[in-house]
Amino acid sequence: MVAVEVERMLTLAEQCLERAKSFIGKNADPPDLPAFSSGSPVPAAGAPVATDQKSPSLRTSGHSRLLSDEVGEPSPFLPPEVFHKLQAVSSQDTSKKELTPIEEASRLNQKLKANYEARVARLRPGQAYQKTSLTLSLQRQMMENLIIAKARQDALQRKMEGRRLRLQEEANRRFAASGAMTPEEREQRLLYTNVLEYEQDHVIVKLLRKHQYRIYNRLYPIPVRTASGTFGVKSFSTDSSLSPSRSHNLIPKYDDKEVEEPSEQVTVDRENSFEDLEQFLTQVDWVPPHSSTDEPGSDADLVCNSSTEPEQDESHVQELEKRALKEHLKAIVKDIHIAIDQLLSLCLLSFECLNTASFKDLCLASIEEAFFTPLWSALVTLFRKVYIEREQAYEASVKLYGDISPGDIGIPLKLFPKDPASPQGSYPYESAVQELTLLIHDRCPQRKLECIVRTLRLICACAEDYRSLHEVDSTPRTAAIGADDLLPILSYVALRCRCPQLVSECAALEEFIHEGYLIGEEGYCLTSMQSALAYVESLHTGVAQLTAGKLI
Amino acid sequence: MAAGGAANSGKTYSFKVVLLGEGCVGKTSLVLRYCENKFNDKHITTLQASFLTKKLNITGKRVNLAIWDTAGQERFHALGPIYYRDSNGAILVYDITDEDSFQKVKNWVKELRKMLGNEICLCIVGKLSERLHMDTNISLRLVFVCSYAESVGAKHYHTSAKLNKGIEELFLDLCKRMMETAQAEERLKGNGASQSASSRRGVQIVDDEPQATPAGGCCSSG
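As they're listed, the protein sequences go chains A and B. If you're matching positions, the first sequence starts at 1 in the working numbering and goes up one per residue. If you're matching positions, the second sequence starts at 1001 in the working numbering and goes up one per residue.
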């Protein structure tokens, strides 16, 4: 009797083992991942990235390398794809999402399984009974976990659905008052619903990245071309890997994965103008530089008749290229303004409490900081390309007058130290010069503007100090520093800075300074800086004027 | 003057005023006087006399003035336009005894009118050194300058920064005129919104300037 009993028990155990084995085997197929966890990334190494993830998948091997690239100076510009991946990486890093119940359960189950495996491994071969019971209890626990998780997930989903409907209604209500909707309003409403539906900042961040990517894509062809040193217009359109049309094509691909292209309506005209530019460049391409005339090409022959002088032709091409670059820059600047405006209105729409003047400023400042930081070096490269002549003029002046004395540039005698034999090779207003050289290291217009303000303040402080040295006993400061004194000093500081990039940086700042700042101290400082730079640029043309010394 | 009061008291006007004048005429001390004087606290910013701000309350409305000093030296004249774009007012200073400095003022007036049309309110200020007393020569000269000022839609004052005479009055009057211009522009926008929206610059309020009569008018201070 006992034997029969034992035999039945053993059979049962065997069956159980079989089941357990098959169960484990099934689960082990993807190494560590339970088959039922889907829809979200699991941080296990080698695990396939879940399919419905919003950002494109990223190979884990490339991960660390990309991050280190970001820290270092991006000396050659990253191709747009890499730029985009960087964006994805940084957004992944910042958005440590909460796990869904199912994900949580699968993590728990993984732990259980690991425990189980450890314990099974410790069992001696004879302890089959314990093994069976362990297997069974593992199975039971895992099933329970999953069932509970499923129930929780369902409840959550119902709750989310209810919330979504409620928010949709709210959005409808908010926009109902306006009656007939313009395209912008419709777009705003769509965005607003999206904002309410997902975590709010997430949508804004996504939009930000999209705009950044779009703009980077349009900036990228220019710097690369500059870096490779080709000056002909040809490379612009013939090199298909760098042609703007490609970047143009990339955009929709990216957009499809995003919110259903909410900005389409706004950007349509921009895209058109971009196509215009492309078309324009193609026309430019029809006029080949004389070096390429030996190439067999029907259109080359065609234009050769019209262009007689090769030098003329060359300069003509350069002229056209310059114009194209200027147009391109203008379009990009406009695009950036549109993008920032859109981001700001989205921010204010989602966080109503921010809709006061001061919060709006703060909001704008943080948007700009996030927006410009990764883009600035590419942006300023384009600006430098457009303002190359002004930079060259600046350089020429620096070559001639870099070591000019403060008196010769027209700074009144009382506003710099009498004794030129200053300690360890320092010179007047050195602190202001040092401050100004920091400008190019900032990556955000607002910061740069603050740097210029600090420079001018330092100048005033220095001037005050120098004057007090002169007026030991005379009447205590009857006059303060006015523009008559400030501009010569600022010109001196700009000259001493020996940094041609300042010209382009200031030109860029002028495009991106807020209207509210234009009238205030920041606006005044930028204007003065621009004037001083323009004066420095003009110096090398008026040699006689300056050697005469007295310029006041 | 527009009737002030509570109706529109929430509004704050922000005006930009450029200060023009030859290097030696002492425009800096004039504006410094004005900004330092009133409440006796230092309104001087860290940029000293180059850039000054002043808050005023005129007929119940708040006005923020930003006063931009410009370099008077000849070699910086070409850079002027970037200073005076979007200005609401300009103060042009000359030395009564210096014909040359007045000639410069005339040039600036021409340039400002060309750039900003009638939207900018002009003040021409003759600086009177206190060593000088009024003789017939100077009086005659002032009459001439006054008629010139009127002909270009500007107002003329003469003042001595040392004695702080007429400065307060000058700025107050300038502010009132700038407010009128701003209000006229607002009205214009309110009436024909669709038409004037695009043309911020260029639409002129022609009837604005001949009213040379209100308090502190031409040559009133002595």
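Worth flagging that the hints you see were computed from the coordinates, not collected in a lab. Treat the hints with caution; some may be incorrect.
To be verified - Here are some, though not all, of the chain B residues that point toward chain A, as calculated from beta-carbon distances under 10 Å: (1) Thr1046; (2) Gln1048; (3) Leu1056; (4) Ala1071; (5) Val1145; (6) Tyr1148; (7) Ser1151.
Stated by the list, open to error - Pairs of lysine-lysine, BS3-like flavour, derived with a Cα cap of 30 Å: (8) B:Lys1054 x A:Lys326; (9) B:Lys1011 x B:Lys1106; (10) A:Lys322 x A:Lys414; (11) A:Lys414 x A:Lys385; (12) B:Lys1114 x A:Lys330; (13) B:Lys1110 x B:Lys1054; (14) A:Lys111 x A:Lys150; (15) B:Lys1011 x A:Lys330; (16) B:Lys1189 x A:Lys334; (17) A:Lys360 x B:Lys1061; (18) A:Lys159 x A:Lys21; (19) B:Lys1176 x B:Lys1055; (20) B:Lys1114 x A:Lys414; (21) A:Lys206 x A:Lys322; (22) A:Lys360 x B:Lys1165; (23) A:Lys360 x B:Lys1055; (24) B:Lys1189 x B:Lys1114; (25) A:Lys360 x B:Lys1054; (26) B:Lys1114 x A:Lys334; (27) B:Lys1189 x A:Lys360; (28) B:Lys1165 x B:Lys1110; (29) B:Lys1110 x B:Lys1176; (30) B:Lys1165 x B:Lys1061; (31) A:Lys322 x A:Lys334.
We put the CB at the ideal spot given by N, CA and C, even for glycine.
How the hints compare with the structure:
no. : hint                  : verdict
1   : Thr1046               : holds (4 Å)
2   : Gln1048               : holds (4 Å)
3   : Leu1056               : violated (15 Å)
4   : Ala1071               : holds (4 Å)
5   : Val1145               : violated (23 Å)
6   : Tyr1148               : violated (25 Å)
7   : Ser1151               : violated (28 Å)
8   : B:Lys1054 x A:Lys326  : violated (40 Å)
9   : B:Lys1011 x B:Lys1106 : violated (35 Å)
10  : A:Lys322 x A:Lys414   : violated (45 Å)
11  : A:Lys414 x A:Lys385   : violated (40 Å)
12  : B:Lys1114 x A:Lys330  : holds (26 Å)
13  : B:Lys1110 x B:Lys1054 : holds (28 Å)
14  : A:Lys111 x A:Lys150   : holds (18 Å)
15  : B:Lys1011 x A:Lys330  : violated (35 Å)
16  : B:Lys1189 x A:Lys334  : holds (26 Å)
17  : A:Lys360 x B:Lys1061  : holds (24 Å)
18  : A:Lys159 x A:Lys21    : violated (38 Å)
19  : B:Lys1176 x B:Lys1055 : holds (14 Å)
20  : B:Lys1114 x A:Lys414  : violated (38 Å)
21  : A:Lys206 x A:Lys322   : violated (34 Å)
22  : A:Lys360 x B:Lys1165  : violated (42 Å)
23  : A:Lys360 x B:Lys1055  : holds (23 Å)
24  : B:Lys1189 x B:Lys1114 : holds (23 Å)
25  : A:Lys360 x B:Lys1054  : holds (24 Å)
26  : B:Lys1114 x A:Lys334  : holds (28 Å)
27  : B:Lys1189 x A:Lys360  : holds (25 Å)
28  : B:Lys1165 x B:Lys1110 : holds (28 Å)
29  : B:Lys1110 x B:Lys1176 : holds (23 Å)
30  : B:Lys1165 x B:Lys1061 : holds (25 Å)
31  : A:Lys322 x A:Lys334   : holds (18 Å)
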